[in-house]
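Please model the entire structure based on the sequences and the hints provided.
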Amino acid sequence: MNVFDGQFPRELEDESIYIMREVAAQFERPVLLFSGGKDSITLVRLAEKAFYPGKIPFPLLHVDTGHNFPETIAFRDALVEELGLELHVRYVQDSIDKKIAVEESGKYASRNALQTVTLLAAIEEFKFDACIGGARRDEEKARAKERVFSVRDDFGQWDAKKQRPELFDMLNGRINVGENVRVFPISNWTEIDVWNYIREENLEIPSIYYAHQREVFQRDGMIWPNSPFINKDESEIIETRTVRFRTVGDMTCTAAVESDADRIERVIEEILSATISERGARIDDKRSEAAMEKRKQYGYF
Amino acid sequence: MDISNKQVLRIATAGSVDDGKSTLIGRLLFDTKSITSDKLQAIEESSRRKGLDYTDLSLLTDGLVAEREQGITIDVAHIYFATKTRKYIIADTPGHIEYTRNMVTGASNADVSLILIDARNGLVEQTRRHLYIAHLLRVPKVVVCVNKMDLVDYDQALFESIVNEVKALVDKASLTGFDISFLPISSLYGENIITDSEHMSWYLGDSLIEALESVEVKSHQTDLPTRFPIQYVIRPKTNEHHDYRGYAGKIASGTLKVGDKVTVLPSGAVSEIKSIQKYKTELKEAVAGESVSVLLKDDVGASRGDMLVKEGDFNFGNEVVSEICWMDNTPLVVGKTYKIQHGVSESRVKILGLNHKVKTDSLLVETNISDFLLNDIGEVVLRSSKPILADSYKDNRNNGAFILIDEFTNNTVGVGFVA
Ligand SMILES: Nc1nc2c(ncn2[C@@H]2O[C@H](COP(=O)(O)OP(=O)(O)OP(=O)(O)O)[C@@H](O)[C@H]2O)c(=O)[nH]1
Ligand SMILES: [Mg+2]
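Those protein sequences? They're chains U and Z, same order as listed. Counting in full-length UniProt numbering, the first sequence runs from 1 upward without gaps. Counting in full-length UniProt numbering, the second sequence runs from 1 upward without gaps.
Just so you know, these hints were derived from the structure itself, not from any lab. Possibly wrong hints are sitting among the right ones.
Covered, in the sense of this in silico footprint (three residues per stretch, anywhere, with C-beta under 8 Å from a C-beta of chain Z), are these stretches of chain U [to be verified]:
1. 75–84
2. 135–141
Here are the simulated PhoX-like pairs of lysine-lysine, each with C-alpha atoms no more than 25 Å apart in a straight line [unchecked claim]:
3. Z:K237 <-> U:K49
4. Z:K336 <-> U:K162
5. Z:K339 <-> Z:K350
6. U:K294 <-> Z:K50
7. Z:K336 <-> Z:K386
8. U:K162 <-> Z:K339
9. Z:K336 <-> Z:K359
10. U:K49 <-> Z:K274
11. Z:K350 <-> Z:K394
Label-pair restraints from in silico Cβ distances [said to hold, decoys possible]:
12. Z:G51 <-> U:H88: 19 to 29 Å
13. U:S227 <-> Z:V124: 57 to 67 Å
14. U:E269 <-> Z:E44: 23 to 33 Å
15. Z:E44 <-> U:I238: 46 to 56 Å
16. Z:G317 <-> U:I100: 52 to 62 Å
17. Z:E198 <-> U:I238: 47 to 57 Å
18. U:P57 <-> Z:E319: 49 to 59 Å
19. Z:G71 <-> U:K107: 57 to 67 Å
20. Z:G51 <-> U:F126: 48 to 58 Å
21. Z:Q156 <-> U:D220: 44 to 54 Å
22. Z:D206 <-> U:D260: 36 to 46 Å
C-beta: ideal position from N, C-alpha, C; glycine also.
Structure (structure tokens):
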């Protein structure tokens, strides 16, 4: 993989800030979906820049599966504190307790899909009309088809065939009662753009993105973090290795890579020479060829 | 400002169904080693499942289930790759006439339009339509790729006759505004995409990647009159920033300098630029494309949808003549009211008259029309409830277009290009 001179193309930032301001201007109750991962950290910086010296004019929402890396939660709370942000947290566990979501079982059980239920409930509770997310079009083939302003119906459903034309940089966020919009300000960024941006902006990120020692085990040719949330069988042996994570999802569906990249420059070098994509380490996408498209039809981010 | 090589080059594909657009993009990524092994493996597996004996690289961009089933592109896919020179954003658009609006959507941001022609079919209806759209949208550079040369024995005479046919059409229909070049390729076998073709030694020009790497996109936008649409007013209302009033927006064209005298439209109030800010940085000057906040010397009471221009260089009214492309199943009719969004400014418009339609298959003009149907292109007259602060699109691509929105469904139903 080549990269334009190792630099972050600044016109992408201008475009993303423009999108942030459109959200604030066009919607009454926007929210920024914050997972604690590098993409949502990037979104927070963009929102900060878009409204400076004013405060970010919308809250953050974290849909907490209860299966997070503890490092991510610590990072989230520190960031919220430092920037004086408003954070709402809604728990998948609550949706399970209320019996509106059902826990999966078996070796591959994950709460990733259940997040949608909790998210839709939160949208209803707070009457959010726009949810800003850090999805990028380079991540996955169904994402590559999505608009910057993506209109969802009452059930959060994405209808690929009825997407509004999005021309030039004009964004149409007008919606009917019951609808809401998912907004993707970094649609046109790639993984390496995000990393170069983090480096150039000196952004802090959770420590699990850097090489560290961790208890892991091998499954399906991938390295999984040991945690109380993952169902292991006897053949799966725990060992301590030096690894890092390329994405921050749930501990049940995010695989690690063997790495000794302990600084951002080395992380970038590693990504440039990687032959497997970022989502190649996400078990949630491997369920079927159309996994992402199907999840989006059901209101997934 | 002078000619500058952009850091980001935006490309859109065009051409008829099955001409090989998606395959070409897949090839481009494959040959530049931009496809990771897991994605490639997934494509190989689905090719096998479909009973193919080769890897169908179009599956890289045709990401929807319906597209993979039917083997066609339905909606625009955005694909990314980078070289040492720059980052590329590719909009792979559908070739089917039914999805022309998606093709227009993809082309609206393009610096380069890649128009494919199947060598076996030569110039067809979609070629005319897409050349016309490239001209209408003022896409600066068109690369015509004559594809599937492998199926016509790499015939030089055939390639040249197609080139001449396209050139003749461009001249006859006066399709101006772009620079055009031609390439004989095979997307399937990757010939003249990255590497030269041993079967076409008669072709001495650039490969596709060479052609793309050397595209120089003139950033005309900074030479044009200044247009700064106010997108959002930043008013922190804290003790520290009690009287702070920052007009935030993305400069559409021209430049802004501290000390410039400016006029606020539509009110006509005048003031002077006190400060230009980008987050914590104070700038002396900002240019087209930058998202900034501008502070003025006087309290002019400007708000979202207003525009800052330099003194003396404006002339805007409520009535405009415009080319439009209709994008909805419900036809456009005279007398109906729509919302109009020009940049970030919204108002209402009434359709006063329909001047003509361009039959994009033949490029003939049709007058005496009563409506515009899905994918129709032509000229209309509109009157707006407040002045439309748009320039002529052909003079200023960033301040000459607008969208029309249905007041009942809220859908984007058309795009307009001010005459
Ligand atoms: N022999 C040969 N076949 C090709 C070539 N390029 C594409 N094809 C085949 O042509 C068919 C259509 O290719 P696509 O890439 O899907 O065409 P498209 O232009 O993207 O089609 P739409 O997006 O639906 O308009 C596929 O079967 C390809 O394998 C080529 O250079 N040579
Ligand atoms: Mg296609």
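Tested hints:
Evaluation of the coverage hint for the stretch 75–84 of chain U: breached, as 0 residues show C-beta separations to chain Z shorter than 8 Å, against a requirement of three. With 4 residues having a Cβ less than 8 Å from any Cβ of chain Z, the stretch 135–141 of chain U passes the three-residue criterion, so the hint holds. Simply put, K237 (chain Z) and K49 (chain U) have alpha-carbon atoms about 17 Å apart, close enough for the 25 Å limit, and the pair holds. The straight-line distance between the Cα atoms of K336 (chain Z) and K162 (chain U) is roughly 23 Å, inside the 25 Å bound, and the hint therefore holds.
Of the supplied pair hints, the one linking K339 (chain Z) and K350 (chain Z) holds, its CA atoms being roughly 9 Å apart against a limit of 25 Å. Of the supplied pair hints, the one linking K294 (chain U) and K50 (chain Z) holds, its CA atoms being roughly 20 Å apart against a limit of 25 Å. With a C-alpha separation of about 17 Å, the suggested pair K336 (chain Z) and K386 (chain Z) falls inside the 25 Å cut-off, and the hint holds. A threshold of 25 Å between alpha carbons decides the hint, and for K162 (chain U) with K339 (chain Z) the separation of about 20 Å falls inside it, so the pair holds.
About 23 Å separates the Cα atoms of K336 (chain Z) and K359 (chain Z), which keeps this hinted pair within 25 Å; it holds. For a cut-off of 25 Å, the pair hint linking K49 (chain U) to K274 (chain Z) stands: about 20 Å separates their Cα positions. Our distance criterion of 25 Å between C-alpha atoms is met by K350 (chain Z) and K394 (chain Z), whose separation comes to about 23 Å. Distance hint check: the CB atoms of G51 (chain Z) and H88 (chain U) are about 50 Å apart, inconsistent with the given range 19 to 29 Å.
Taking the beta carbon of each, S227 (chain U) and V124 (chain Z) are about 58 Å apart, inside 57 to 67 Å as hinted. Our hint of 23 to 33 Å for E269 (chain U) and E44 (chain Z) holds, since their Cβ atoms are close to 28 Å apart. Checked against the hint of 46 to 56 Å, the C-beta distance between E44 (chain Z) and I238 (chain U) comes to roughly 34 Å, which is inconsistent with it. In this structure, G317 (chain Z) and I100 (chain U) meet the distance hint of 52 to 62 Å, their C-beta atoms being roughly 55 Å apart.
The hinted range of 47 to 57 Å is satisfied by E198 (chain Z) and I238 (chain U), whose Cβ atoms lie roughly 55 Å apart. About 36 Å separates the C-beta atoms of P57 (chain U) and E319 (chain Z), a value inconsistent with the hinted range of 49 to 59 Å. In this structure the hint that G71 (chain Z) and K107 (chain U) lie 57 to 67 Å apart at CB is violated, the actual value being about 36 Å. Distance hint for G51 (chain Z) and F126 (chain U): a CB-CB separation of about 49 Å, consistent with the stated range 48 to 58 Å.
At roughly 52 Å, the beta carbons of Q156 (chain Z) and D220 (chain U) sit within the given window of 44 to 54 Å. In this structure, D206 (chain Z) and D260 (chain U) meet the distance hint of 36 to 46 Å, their C-beta atoms being roughly 42 Å apart.
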